Each structure stands twice: as structure tokens, then as C-alpha cells.
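A.B. asks: Using the sequences and the hints given, assemble the complete structure.
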Amino acid sequence: MLTETVNERETTKAETFQKHILPSSMGKMVWILGSILLACVIFAACTGALSISVSELWQIVAFKLGWISEMQVEEQKSIVFWIIRLPRVCLAVLIGAGLGIAGASLQGLFRNPIADATLIGVTSGASLFAVFVIMLNVKYFGMLNELAGAYSISFVAFVGAACTTLLVYQLSKLTGDGGVTTLLLCGIAINAFVGAMTGLMTYLADDAQLRSITFWNLGSLGGANWTSVMAVGPFVAISIFFMPYLSKALNLLVLGESQAASLGVNMKSLKQKVIILATMGVGASVAVAGTIGFVGLVVPHIIRTLFGPNHRTLIIGSALSGAIVLTLADTLSRTIVAPSELPIGILTAMLGTPFFIYILWEQKRKRL
Amino acid sequence: MIEVRNAGFEVRGRKLLENVSFSVNPGEFWAIVGANGAGKSTLIKLLSAEHSVTTGSVHFHDRELRKYKLKELARKRAVLSQKNNITLSFTTQEIVLMGRYPFYDADPTQRDLAIVDMCLKKVGIGHLKGRLYPTLSGGEQQRVQLARALAQVWEIDNGLLLLDEPTTGMDLLHQYETFQLAKELTRKNFAVIAVIHDLNQALQYADRVLMLKNGHMHAIGLPENVLTEQAIQEAFGLPVQIIQPEMTPYPVIVPQVAPVSYHLP
Chain A
1 MLTETVNERE
11 TTKAETFQKH
21 ILPSSMGKMV
31 WILGSILLAC
41 VIFAACTGAL
51 SISVSELWQI
61 VAFKLGWISE
71 MQVEEQKSIV
81 FWIIRLPRVC
91 LAVLIGAGLG
101 IAGASLQGLF
111 RNPIADATLI
121 GVTSGASLFA
131 VFVIMLNVKY
141 FGMLNELAGA
151 YSISFVAFVG
161 AACTTLLVYQ
171 LSKLTGDGGV
181 TTLLLCGIAI
191 NAFVGAMTGL
201 MTYLADDAQL
211 RSITFWNLGS
221 LGGANWTSVM
231 AVGPFVAISI
241 FFMPYLSKAL
251 NLLVLGESQA
261 ASLGVNMKSL
271 KQKVIILATM
281 GVGASVAVAG
291 TIGFVGLVVP
301 HIIRTLFGPN
311 HRTLIIGSAL
321 SGAIVLTLAD
331 TLSRTIVAPS
341 ELPIGILTAM
351 LGTPFFIYIL
361 WEQKRKRL
Chain B
1 MIEVRNAGFE
11 VRGRKLLENV
21 SFSVNPGEFW
31 AIVGANGAGK
41 STLIKLLSAE
51 HSVTTGSVHF
61 HDRELRKYKL
71 KELARKRAVL
81 SQKNNITLSF
91 TTQEIVLMGR
101 YPFYDADPTQ
111 RDLAIVDMCL
121 KKVGIGHLKG
131 RLYPTLSGGE
141 QQRVQLARAL
151 AQVWEIDNGL
161 LLLDEPTTGM
171 DLLHQYETFQ
181 LAKELTRKNF
191 AVIAVIHDLN
201 QALQYADRVL
211 MLKNGHMHAI
221 GLPENVLTEQ
231 AIQEAFGLPV
241 QIIQPEMTPY
251 PVIVPQVAPV
261 SYHLP
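Heads up: the protein sequence lines correspond to chains A and B, in order.
Numbering-wise (full-length UniProt numbering), the first sequence opens with residue 1 and increments by one.
Numbering-wise (full-length UniProt numbering), the second sequence opens with residue 1 and increments by one.
Treat the hints loosely; a few may be bogus.
[Unchecked claim] Heads up, simulated DSS-like pairs for lysine-lysine below, C-alpha to C-alpha not over 30 Å straight-line: (1) B:Lys121 to A:Lys273; (2) B:Lys129 to A:Lys364; (3) A:Lys19 to B:Lys76; (4) A:Lys173 to B:Lys71; (5) B:Lys83 to A:Lys268; (6) A:Lys364 to A:Lys28; (7) A:Lys271 to B:Lys71; (8) B:Lys15 to A:Lys268; (9) A:Lys19 to B:Lys15; (10) A:Lys173 to B:Lys129.
[Said to hold, decoys possible] Below, a sample of chain B positions facing chain A; criterion: calculated Cβ distance under 7 Å: (11) Glu28; (12) Thr54; (13) Val58; (14) Lys71; (15) Val79; (16) Ser81; (17) Ile86; (18) Ser89; (19) Met98; (20) Pro102; (21) Gln110; (22) Leu113; (23) Ala114.
Hints are computed from structural coordinates only; laboratory data are not their basis.
Bear in mind the structure is a predicted one, so any value in this text is a computation, not a measurement.
Glycine included, C-beta positions come from ideal geometry on N, C-alpha and C.
C.D. replies: Here is the structure:
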């Protein structure tokens, strides 16, 4: 070579002395976000109509685990913590993580910064089915109730999310060459159609139904209890556990679909895996908490700006900070207008938007 | 190493390639030349298994190409395609490391990282290792991509490198360095197949040249036999003259273009 002469033997010799490092913010990020999440969880568990101090919280937990034999905290606080507060915080963490991880992976799959779970029809499908149930609730409440216990809406919403996503995916295979762009366009088309159906239902609804529909669409963690945590847990856990394995393939996709294929990425199977995992996480979340916007869209951007675009860090980071954001937002939503509750979807969008604009501005400033 | 037999490719009744046959041996540098739309990129896509042939067959290491799994192929050959747009701010090192992805599971080994460093130095951009890819110039980006392809085949015996216009956007020095590098690889028993636009470079560096015209093989063989005045005029529609200057070891292809007339009709 003319510019840099490389003597191979010399370099291999030097290898033994010189350690090659790949700069990675993984460890640092997990530490920072992990401790922030822990702090948020403690803060959320302590804050509320009945306030619990940190030392009381410690006693409650330690007593339950059998570390201390007696506690000097009123029984009432302990009950509030175990029955009301903790499941709600757990649910917020799970849902936040699910939304964050789905947003990060879908943005990677679509190679599009504005992609999130709404695009593949998860949210709109869940909405349509939920609204459908709300409309039919009066007439056939008993029948559906038997089918899926007290969680008919959640159950049906999850089915709706899965069905719509499947429809979008199958349509994209039928109409196009199976490329990601076709999937995106099919998603937009089906979303519009499903949205229209939901609109039609809303049009037919009476006042009481309208109110439930609106609240469902704004999202809330108000229905949290251990059963809902148990229902959502496995789905989000699967998505968090398996999604990181796809991070290498998602990185390669940055080079373009054909280059990724030449590096061994099977586009078809990658697409299926990402969509299934994302639908599981988001579908379960939407089912118990309604549609919570903006978390899946904004959180990955924040992580990308702070810790780089590598999907290994991005996916884990989005899960952690999604959990942070939702825990905080939920705490706000139940305290800001106490004793009543503000729908969480309002909060995430209201606080998310200015922050998002700030990030965009920051990015531009950095580039200059 | 790779053998193409009567290969053809058609999309919706339109024949993009027809009756292409040739066989590449280890240690050979093949240049594919031809006018725009002659089927050069399509041929590279057939060789890289991105498309599969509609007629005929492609054999790679004595096995039909379509019978390979993508993962298997990724460990035997590298492809550098024409368009490489990346907007996310990956560092140069991360991009080149992607060439090593097929070879490790979760974390890169020291060997992988050493290969990345070596390949970066090979294409002359060792100093850009920590730079963000989108901030590089077009030519530098192309060299990063070349380093990535190089990293992928670095350790393979009898590797195959498919390059679709590898020197796009590079300055003169690095164009020549890229071809020197390809030549160097063929000495290590690699096979290199490249789409080349500059006929002089093809003449100078290639061991074999395949000239395509409208999806057909127009000429094939040694560079000096393929790149003749007559063949070039037929394939490109441009009259050329091949001259042998006294100072250079290679003949030079010079277009015979009439002086630009300043009289607009």
C-alpha cells in the first residue's frame, strides 16, 4: 500500500502486547439507567394518597421477607403497598419496558426513525376490538365474561392486536416483494381502515360508552393488580429476553437489506421474529392499560442520542428507560389531580413532545 | 471456485441476462465491463445469491449456490454493493466490525477486533477508526465499506470477493490502491470479481475480463483480447483507440471523440 505500509508479521507480533478495545457504553448505561430505575421505583412506591417514607418501605419489605421479626409501621400502609402500590409500579415497569423495546426494534427493522408499534397495527387493532367489546358489553356482557373472566377487554384487545398485525404482515407478503417498505405501507393502510371502523363504532356509541371508549384510548394503569401483572409479565419478559439476540441482525440491516443478506441475515425470519416479539410486548401492554402513546417512539431516540445507535445497547437501554418514563408518568398521573386520576396517555404525550423537540434541536446543534 | 453455466435471469418476461457462462478459479481477478444497463449489477446479484437464476445454474465450491444457507455463504464470500447509505451515527470501527458478525456470537474476540484494525489500515483509513460514519466523505465511506467486506473474508481460504463498482467516489490514489489490494488478495488465492467502469483499470489489473452487452456475453477472456478497439466500440458505442505509450508498461485506451462543436443547431 502506498499510504500506510502494513507489515503483517509485525502486526501479529504486536497483537500479543496490544489489547484491542471496542468502545462500548453498555456497562455504563446499564449502571446509570438501572440505578435511575430503582430510584424511580422506590419513589413511585412511596408517593401517593397515603405517603410511605423510605424507612417505612424498607421495614415493610424486610418484614415480608422475614429479615426483621416486627415492624413499627401501620398495617394499613403495608396493605396499601402490597395490594395497590407495588402491583401498579410493577405494571408500569413492565409496560414501559415492553413499549420501549418494541419501539427500538421496530425502528431498527423499518430503518425509519418514526416507526413504532402503531405502524404495524398493534395499537389500532387493540383499540378496535376493545371499543367493540365496550359497545357490546351491555348486551352480551355475561357471555364474554365467562370466556375470559373479568378481563374480557384485555383479552379481546390482545387478540385484536395480534390479528391486525397478522393481517398487515400477510397483506405485505401478498401485495409486494416482502420488502420492509411494503410492510410499512400496508401498516399505514390497515391502520386507516381499522381507525375508520373504530370511528364508526364511536359514532354509534351512546354517551356512557363514549366516555369509556375515550378513557380507554387515553390509557391508564388504574386497573393494576397482581393478576394483570401476572398476565402481562410473561409476554414482556419473552420480548425482553429474546429481542437482544436480534440486535446483531438489526445492526446489519443498517447497511441495507441486500448487504445484510450477504452477511447472513435472513430478512424473512428476522421480520417475523421482530414483529412477533414486539406484538407480544405491546399487545399485552395495550390490553391492560389502553393505548399509551409516545413512549415507544421517543425513548429509543433518547437512548440513541445518549449511548449510540448500536442495537445491543439500544434495545436494553430502551427497555430500561421506557420503564423509567412510565413509572414516573404513572406516579404523576395518580398524584397530580388526586384523588382523581389523569389518563397516562395525556401525560406521556404532553411531557414527551417538548422533550422530543429538544432532542431534535440538540441533534442539529451537535451536527453544526 | 464459482462456475456459471448458461445462466439467465428474467423479471416479468424481460430478460436481463441470457446465456452467461464462465468459470472463476482461485487467484483470479475478474473484471465485468459493459455499458449502463448491460446487466453487470444483475450478474453480481446472481453471484451473491441475492437473486437466483431463472435458467441455467451457478455453482459455488462445486455445490449449487441456491442450496447454501445465507449464514454459510456469509462465511465464504463478501459482497460490496453500489449504494451504501447509513444515516445512523455508527463509528467506523463498528461498521467494519459488522463484517465479522458472521464469525462470533455475542462479543467480538480480540482476533476479530485485530482483523478490523488490520483491514482499516489496509484501505488506508486507520486514523478514521473512531469517526462517525455519516460525517465521512463519500470516498472515505466507500473505503470503510471496502474494509468491512475485507474483514468478512480476511481469514477464509479461497474466499470470494464480489465488488460492484468498488471505487465509486474514491480519489485517484485510492482507486489504484483498491485495485492493488484486490490484486494482492488474488495472490493469497482469493477470487475477486468486480464491476469496473474504467476500462484502463480493467486492462491494467484484471486477469480476465467479461464484457456484457444487453444481457449477453459480448466477449470474454484475457484483457488484451477482450478490450479491443472493435469490441469496445460495439459494446459501448464509442470509437476508441488503443495506444502504447513508451513510458508505461500498459496500453492505454483513449476515446476518439470529435472536438466539441460550438455551433448549436
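A.B. asks: Below or equal to 30 Å on CA atoms is what counts here, so check A:Lys173 against B:Lys129.
C.D. replies: Violated: A:Lys173 and B:Lys129 sit about 40 Å apart, past 30 Å.
A.B. asks: Is the interface hint for B:Lys71 satisfied, with its Cβ closer than 7 Å to some Cβ of chain A?
C.D. replies: Constraint on B:Lys71 satisfied, holds at 4 Å.
A.B. asks: Could you check if B:Ala114 really has its C-beta closer than 7 Å to a C-beta on chain A?
C.D. replies: Holds - the Cβ of B:Ala114 comes within 7 Å of chain A, reaching about 5 Å at its closest.
A.B. asks: Going by Cβ atoms only, is B:Val58 closer than 7 Å to chain A?
C.D. replies: The hint is violated - B:Val58 has no Cβ within 7 Å of chain A, the shortest such distance being about 15 Å.
A.B. asks: Measure nothing beyond the straight line between the CA atoms of B:Lys129 and A:Lys364; if it is 30 Å or shorter, mark the hint as holding.
C.D. replies: This hinted pair holds, its Cα atoms lying about 23 Å apart.
A.B. asks: Is the shortest C-beta separation between B:Thr54 and chain A less than 7 Å?
C.D. replies: violated (15 Å)
A.B. asks: Given the hinted pair B:Lys121 and A:Lys273, is their alpha-carbon gap at most 30 Å?
C.D. replies: violated (37 Å)
A.B. asks: Given the proposed pairing of B:Lys83 with A:Lys268, does the C-alpha separation stay at or below 30 Å?
C.D. replies: holds (22 Å)
A.B. asks: Hint validation: B:Val79 versus chain A, beta carbon distance must be below 7 Å. Holds or violated?
C.D. replies: Check passed: Cβ of B:Val79 comes within 4 Å of chain A, closer than 7 Å.
A.B. asks: Would the stated hint for B:Leu113 survive a check requiring a Cβ distance to chain A of less than 7 Å?
C.D. replies: Holds: closest Cβ of chain A sits about 4 Å from B:Leu113, inside 7 Å.
A.B. asks: Taken at face value, is the distance from the CA of B:Lys76 to the CA of A:Lys19 at most 30 Å?
C.D. replies: Within the cut-off at roughly 28 Å; holds.
A.B. asks: Could you check if B:Pro102 really has its C-beta closer than 7 Å to a C-beta on chain A?
C.D. replies: holds (5 Å)
Hint compliance for this structure: hints 1, 9, 10, 11, 12, 13 are broken, all remaining hints hold.
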